[in-house]
Amino acid sequence: MRVRFAPSPTGQLHVGNVRTALFNWLLARRHGGTFILRIEDTDRERSTRASETAMIADLRWLGLTWDEGPDAGGPFAPYRQSERTARYDEVAADLRARGRAYFCFCTPAQLEDERQAALASGRPPRYSGRCRAIDPAEAARRVEAGEPAALRFAVPEGDRDVTFHDAVRGDVTVNTSIIGDFVIVRSGGSPAYNFAVVVDDADMQVTTVIRGEDHISNTPRQLLIYEALGQPAPAFAHLSLVLGADHAPLSKRHGVTSVSEFRARGYLPEALVNYLALLGWSPGEGEEIVPIDEMIRRFDLSTVSHSAAVFDFDKLAWMNRQYMRRLPASRIAADAMPYLQQRGVVTGATAEALAYVESLLPMVVGSVDRLEEIGDRVAFLFAWDAAEARRLVEVESDGPRAVEAFAEAVRATGPLVDRETFRAAATRARELCGLKGRALFHPIRVALTAADSGPELDIAVPAIERGATLPASAGVARVSSCLERLRAVAGQR
RNA sequence: GUCCCCAUCGUCCAGCGGUCAGGACGCAGCCCUUUCAAGGCUGAGACUCGGGUUCGAUUCCCGAUGGGGACGCCA
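One rule links them: number in our numbering = place in the first sequence (from 1) + 15.
One or more of the hints may lead you astray.
Calculated cross-link-like contacts (lysine to aspartate or glutamate; reagent style EDC-like; alpha-carbon spacing at most 16 Å) [to be verified]:
(1) K330 <-> D413
(2) K330 <-> E303
(3) K330 <-> E302
(4) K451 <-> E403
(5) K451 <-> D413
(6) K267 <-> D327
With beta-carbon atoms standing in for the labels, derived distance ranges [to be verified]:
(7) G195 <-> L342: 49 to 59 Å
(8) D329 <-> T100: 40 to 50 Å
(9) D433 <-> D86: 24 to 34 Å
Simulated from the structure, these hints should not be mistaken for laboratory data. Where a beta carbon is used, it is the ideal one built from N, C-alpha and C, also for glycine.
Produce the entire structure from the sequences given, and follow the hints as far as they go.
Given below as structure tokens:
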């Protein structure tokens, strides 16, 4: 089995395309087949190498590895359409020599007028086939003389049904009478999509073409080319589209849609892949968190949904939270470093900094959806605002009393390095002031964190103390100790 | 306009002739709790409509309706 993902490098890699890539990849891995990455850069205007590079990086980040591609090489190289022009020229010449394609001299303006007229009078807006009547020898002379011409495929006359079996939706039939002669080589000499895909898929021996539903009506055209070429056609599978909440195809105006943006916002590749897999496919019973190996084991095109799916950002967020909790802490800590560095909370990627960040994870994981949000949740460690803390303490009727009792307890116990020490200090404070429950703990919280909500105190407090012992060389922003904070709030009064 | 595809809770999926129509996200309530979350439990919430076929249709067939796609010298 040979499948391919063939993006055109004209921008960012979109999650809808990633889903297509993923389904191709899953099928290849499931059957021990080959996954090919092919770059469809025939549109010279819009394709850029920067976009190609970015897409490759995104695919790598997602873990969708390919066996053949522009960088990896392979037996059917090159895998970049812009480097395959000689091959397209050859096939185009052959088609023309055999009367299956002809030169068209119509101007864009002419074509546009015809289309408008057809639309206005309610006829299908397709090419009239006018240039088909031009004698091939004369056409060749005109081209020789430098007249610009596109090459069109000569769709067989008469109405004939073209049927193909779609692996996700069954048989699809289209009548050739609705297909106008379409351009296969632009007047500039570059191959048009319908032509290049067929040549490439045939040359690269692709056995199954999995792509978006928007290509379903292109399939009959491509089948006609396969036929004219005397090549066997691959199997086809068309995936439904990914929509936004308004049921319009997912686009920038729905929010974040490109892989690089999801990455920048702190989504994990495993979560994105898992979410996307479940958008239009289900592994069977229950389970939403599906390890990649399990997906490979279970994936099958016949169980892919026929209908369009709405992208649910909330569910993705939930999924990401699940992965933040399940993936090894060392991995999450490492991935979170760039975000913390960006905030200036971590200044150097030392082993000590990494270890400290990892130690903070139990405090944030589960309460945060994305890596990017970790910084907010731990901000109280590094940016503690004494005035704000004092203000919040005073809002509580017994606030100052509770804080003073706690401060005295801490002076006795020393640094609250672990949960037990913290609890012992809290117990001592309760004995000193007689306050308990919220009346005791809330003042302690606001005094120590300058915020009235946050992580559980018995893990937040030791985190403060651990941070306070870190040397400057650790590359972590300064954390003031509990005692320092208490002194500043309770004062020496 | 023409052709093609699609149709189960708000959303994503299960269901593949007989089910109290199941799960997940989200939502509501309760519990837990020193706060916000998280977590646990409970709950509300769907078979688009009309014809067939059948003893029996969410499930099969036809039509309508609705949604989407295509009709480019974009892919």
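Hint check:
Between the alpha carbons of K330 and D413 the distance comes to roughly 42 Å, so the proposed pair goes past 16 Å and is violated. Restraint check for K330 and E303: satisfied, since their Cα atoms lie roughly 10 Å apart, inside the 16 Å limit. Distance restraint check for K330 and E302: the Cα-Cα separation of roughly 14 Å lies within the 16 Å cut-off, and the hinted pair is therefore satisfied. Of the supplied pair hints, the one linking K451 and E403 is violated, its CA atoms being roughly 23 Å apart against a limit of 16 Å.
Restraint check for K451 and D413: the C-alpha separation of about 11 Å stays at or below 16 Å, so the hint holds. Straight-line distance between C-alpha atoms of K267 and D327 comes to about 14 Å, which keeps the hinted pair within the 16 Å bound. Restraint check, G195 to L342: a C-beta distance of roughly 53 Å satisfies the suggested window 49 to 59 Å. Take D329 and T100: their Cβ atoms lie about 47 Å apart, and the range 40 to 50 Å holds.
The hinted range of 24 to 34 Å is not satisfied by D433 and D86, whose Cβ atoms lie roughly 50 Å apart.
When each numbered hint is compared with the structure, violations occur for hints 1, 4, 9.
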